[in-house]
Amino acid sequence: MTYNSPNYLNAEKGLRSWFLTLDHKRIAVMYLVLVVAAFALGGFFAMLIRLELLTPGPTIMDAMTYNRMFTLHGVIMIFLFMIPAIPSIFGNFLLPLMLGAEDVAFPRINLFTVYLYLIGAAIAVWGMIQGGTFYTPYSTTTVTTVAPVLLGAFILGMGSVLTGLNFIVTIHTLRAPGLTWMRLPLFVWAMYATSVIQVLATPVLGMTLLLVAVEKAFGFGIFDPARGGDPILFQHLFWFYSHPAVYIMVLPAMAVVSEVVQAFARKNIFGYKAVAFSSLGIAFVGFFVWGHHLFTSGQSTFASGIFGVLSMFVGIFTAIKVFNWTATLYKGAIHVAAPFVYFLGFLYFLMFGGLTGIALSTVSLDVHWQDTYFVVAHFHFIMVGATIMAFLAGLHYWWPKMFGRMYSERWALAAAVLVILGFNATFIPQFLLGNMGMPRRYYSYPEQFWSLNVASTAGASLLAFGFLIVLAYLVVSLVNGRVAGPNPWGSRGYEWNTPSPPSVLNFPETPTITRSAHDYQDALEGEVTHAH
Amino acid sequence: MNEINEFLRNLLFLPKQASEYARSIDHLHFFVFVSSMIGAWTVVATTLVFIVRYRRRRALQTTEHVDPKPIQEAVFVGVPLALFLAFFAIGYPQYVTLQTPPKDASDVYVMAKKWMWKFAYPGGPNSTDVLRVPVGRPIRLLLTSRDVIHSFFVPALRLKQDVLPGRYTQTWFQASEPGRYPIFCAEYCGLGHSAMLGELVVMPAGEFDSWMEQQRRTNHAAAQDEQPIASEDVDFRGNLLEQGRRVAVVQGCFKCHSVDGSQHVGPTWLDLYNRKVKLEDGRSVVADEAYLTRSMMEPNAEIVAGYKPVMPTFQGKLSAPEAAAIVEFIKSLRTDAATPEPQKGPIYVPVSGK
Chain A
981 MTYNSPNYLN AEKGLRSWFL TLDHKRIAVM YLVLVVAAFA LGGFFAMLIR LELLTPGPTI
1041 MDAMTYNRMF TLHGVIMIFL FMIPAIPSIF GNFLLPLMLG AEDVAFPRIN LFTVYLYLIG
1101 AAIAVWGMIQ GGTFYTPYST TTVTTVAPVL LGAFILGMGS VLTGLNFIVT IHTLRAPGLT
1161 WMRLPLFVWA MYATSVIQVL ATPVLGMTLL LVAVEKAFGF GIFDPARGGD PILFQHLFWF
1221 YSHPAVYIMV LPAMAVVSEV VQAFARKNIF GYKAVAFSSL GIAFVGFFVW GHHLFTSGQS
1281 TFASGIFGVL SMFVGIFTAI KVFNWTATLY KGAIHVAAPF VYFLGFLYFL MFGGLTGIAL
1341 STVSLDVHWQ DTYFVVAHFH FIMVGATIMA FLAGLHYWWP KMFGRMYSER WALAAAVLVI
1401 LGFNATFIPQ FLLGNMGMPR RYYSYPEQFW SLNVASTAGA SLLAFGFLIV LAYLVVSLVN
1461 GRVAGPNPWG SRGYEWNTPS PPSVLNFPET PTITRSAHDY QDALEGEVTH AH
Chain B
102 MNEINEFLRN LLFLPKQASE YARSIDHLHF FVFVSSMIGA WTVVATTLVF IVRYRRRRAL
162 QTTEHVDPKP IQEAVFVGVP LALFLAFFAI GYPQYVTLQT PPKDASDVYV MAKKWMWKFA
222 YPGGPNSTDV LRVPVGRPIR LLLTSRDVIH SFFVPALRLK QDVLPGRYTQ TWFQASEPGR
282 YPIFCAEYCG LGHSAMLGEL VVMPAGEFDS WMEQQRRTNH AAAQDEQPIA SEDVDFRGNL
342 LEQGRRVAVV QGCFKCHSVD GSQHVGPTWL DLYNRKVKLE DGRSVVADEA YLTRSMMEPN
402 AEIVAGYKPV MPTFQGKLSA PEAAAIVEFI KSLRTDAATP EPQKGPIYVP VSGK
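Protein chains in written order, with the numbering used here: chain A, 981 to 1512; chain B, 102 to 455.
None of these hints come from the bench; they were simulated from the model. Using N, Cα and C, we set each Cβ at its ideal position, and we do this for glycine too. It is possible that part of the hints are untrue.
Said to hold, decoys possible - Result set (SDA-like, lysine to any residue): computed pairs, CA atoms no more than 25 Å apart in a straight line:
id, chain 1, residue 1, chain 2, residue 2
1, B, K170, A, T1160
2, B, K204, A, A1283
3, B, K204, B, R233
What the hints assert, rightly or not - Label-pair restraints from in silico Cβ distances:
id, chain 1, residue 1, chain 2, residue 2, range
4, A, W1161, B, K204, 58 to 64 Å
5, B, R159, A, A1283, 55 to 61 Å
6, B, E165, A, G1506, 18 to 24 Å
7, A, V1194, B, P305, 51 to 57 Å
8, B, R395, A, D1042, 43 to 49 Å
9, B, V150, A, Q1110, 53 to 59 Å
Make the full structure from the sequences, and use the hints.
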């Protein structure tokens, strides 16, 4: 195939050509900029929280500011970073390339979601700086305003639904000839499962937020007990969305590493069907585990048991993936580069973090850990440990695909080690704090918790420093990085069949797929790599 | 065995175990921890062996196609499933035990509000932030909140129970080690959340009994929210005033309102009737029957100046005659009035079946 159109970065010039683009690749790059900015902002608030917790008493802010900081950190990281990051950046960029399609099914809707993201983000952040929080009856009795945060989250949720819908339609209708379901790259399978959750779960968030707004504005008694409402109802609705949302954040991570492990082990995945269908399994079971957040709420003992067992099934599906990724290394040809180091970080954090999840779903143990730093550490192991490691693995793996340049491998390895060490130093002390019984959302704390909090803050500084190094060498590589060539990793993922960066028209003619992705059995004619 | 327990407890930074239940929870914790660590480190070691053994030797090395045998996937599912279900099989009965207080447990009422814990013993004293219990006797806690959701958490007992407004939840424990243990609020409840600290004091049984006896003697007159005692359990159909006092006791009004003019969480009831009351929003109203009833049903609509909007609604909890009886009782509380002599019995003899 000859590619005679210019690459997508150079095809058109000027800001207008970016802001009004319908090209999925340019939209992905816009998301990359926005999402990394959101991550920096959320990380900044995380550092302020860690600084405040450096001493038992007040350190750098008052209790009200601290309340805003952790709300800002949580909402920004979840709604502006974790949920959109991998689907909106890598999903947008890669789905059409992997499927042999010209673009996603609805390019205009795709651009529209960027603007929904911007509007939603602006409203939500503004609302939180005013000091809102969702949690009823707390939200309905505090004087600070909740409405803008709700509206912002609602708009962001709308964007999330549209992206999910767009991907589902794209995967169903735009596969190239020969690309059967059983040949789909595993990235696509997990992205499909993610999209299903986005479309089904996010409306519940919208409904819940509307109910809170109606209660707030018109005084209907829905969640506020002083008006005859039920605060536990809110928790059920909140977690009916928020627990599946956890899988909106972690399934894309699994999507990324399924590609990375095959490319760097030069080996087909061990157990393709098991890995593909376990994503759907997680998406399905994920809807029936929300009650594990309510073991201490007074819900029925029997219900808690059911929710506990179902939660363990999520662990089983995850274990299937972990074992299959590990087995993929067997008889492979492993090249330890930065993306592979992040893959290992992902695998280990997911495993240890996931096992703490199993411990938490063991109902009686959860009673002690509920709402303590143990839970904080658990979900940061999954969210930061697993998802951010996968995000970084994907960013390094696809960086030459997206921008045609190689970053400094030496700096990348050094930063990867720093990030992984810093992460452990931040969150292992938090597990121990949870064991000691330190509740979360504490502005001040008794002195017995001091030393571990100091350790955690020190680790967070290391982690932040690692992220800054990553940002620095990636930006530098855009200017003076070595030109990567079409396929620097020698990967046999479908997306590498096009030039890097891809041309503005993905394919001059529709490709026909004749082999599975990541099939490294036979030598291919004309296959080259510049990485070694 | 005890050495292993202490070693792992210290390794995991767990607090002292103040009850047998806490010990059994920790033992499950140790089992989960050790078996998870063995499993996870086995996987870590396997990946490291593979990375060394199967390192890339040529840039475009080809690899043979390996697909799993069904038995391998079955092992991948079966091993973790067996382990997880074993965790559950131990953990769930423990949880059921925690949810099922024994019949012979003594009750303590726990009332949470921003940002303090109030403990009340039936027919005994009240205390703020300090919960005293005897060692070796089961204690059932009945918990409710005045405002938002709180959560009662005693790390040393491995025990936590959410405390909800407008609803009672329960939990129980039987402390086995005398000592002083911290109580935390574990559910975010506003700015003072991290300062909502209490203390559990586990006392030797004899010491507790004499403390309780002494409290009863000295505090009996002041005990404002004692439960109705047997002699009061008579038919009040003929005495609206006395019925109002009784309803107020049962509904816990005196946890916040005094009848002797002293300041408390809410305004005192003494001399309240027909007084001109200044409200938080600057208006003032006369505390007539209508206002008093409104204050029970929509307590946050008209807040008295200087007080917090913390009173829960009694809409649906008080019948109209009960609300009227309370109003009647409030009307009787006047410094200039002679203390009304409670009638010793019904003014008519109820028709009995005999």
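Hints versus structure:
1. B:K170 with A:T1160: holds (23 Å)
2. B:K204 with A:A1283: holds (23 Å)
3. B:K204 with B:R233: Roughly 20 Å between the alpha carbons, so the hint for K204 (chain B) and R233 (chain B) holds.
4. A:W1161 with B:K204: 58 to 64 Å: Once the Cβ atoms are compared, 59 Å apart, the range 58 to 64 Å for K204 (chain B) and W1161 (chain A) holds.
5. B:R159 with A:A1283: 55 to 61 Å: holds (57 Å)
6. B:E165 with A:G1506: 18 to 24 Å: Cβ of E165 (chain B) to Cβ of G1506 (chain A): about 22 Å, so the range 18 to 24 Å holds.
7. A:V1194 with B:P305: 51 to 57 Å: holds (55 Å)
8. B:R395 with A:D1042: 43 to 49 Å: Given range 43 to 49 Å: violated, Cβ gap about 36 Å.
9. B:V150 with A:Q1110: 53 to 59 Å: holds (55 Å)
Of the numbered hints given earlier, the model fails hint 8 alone.
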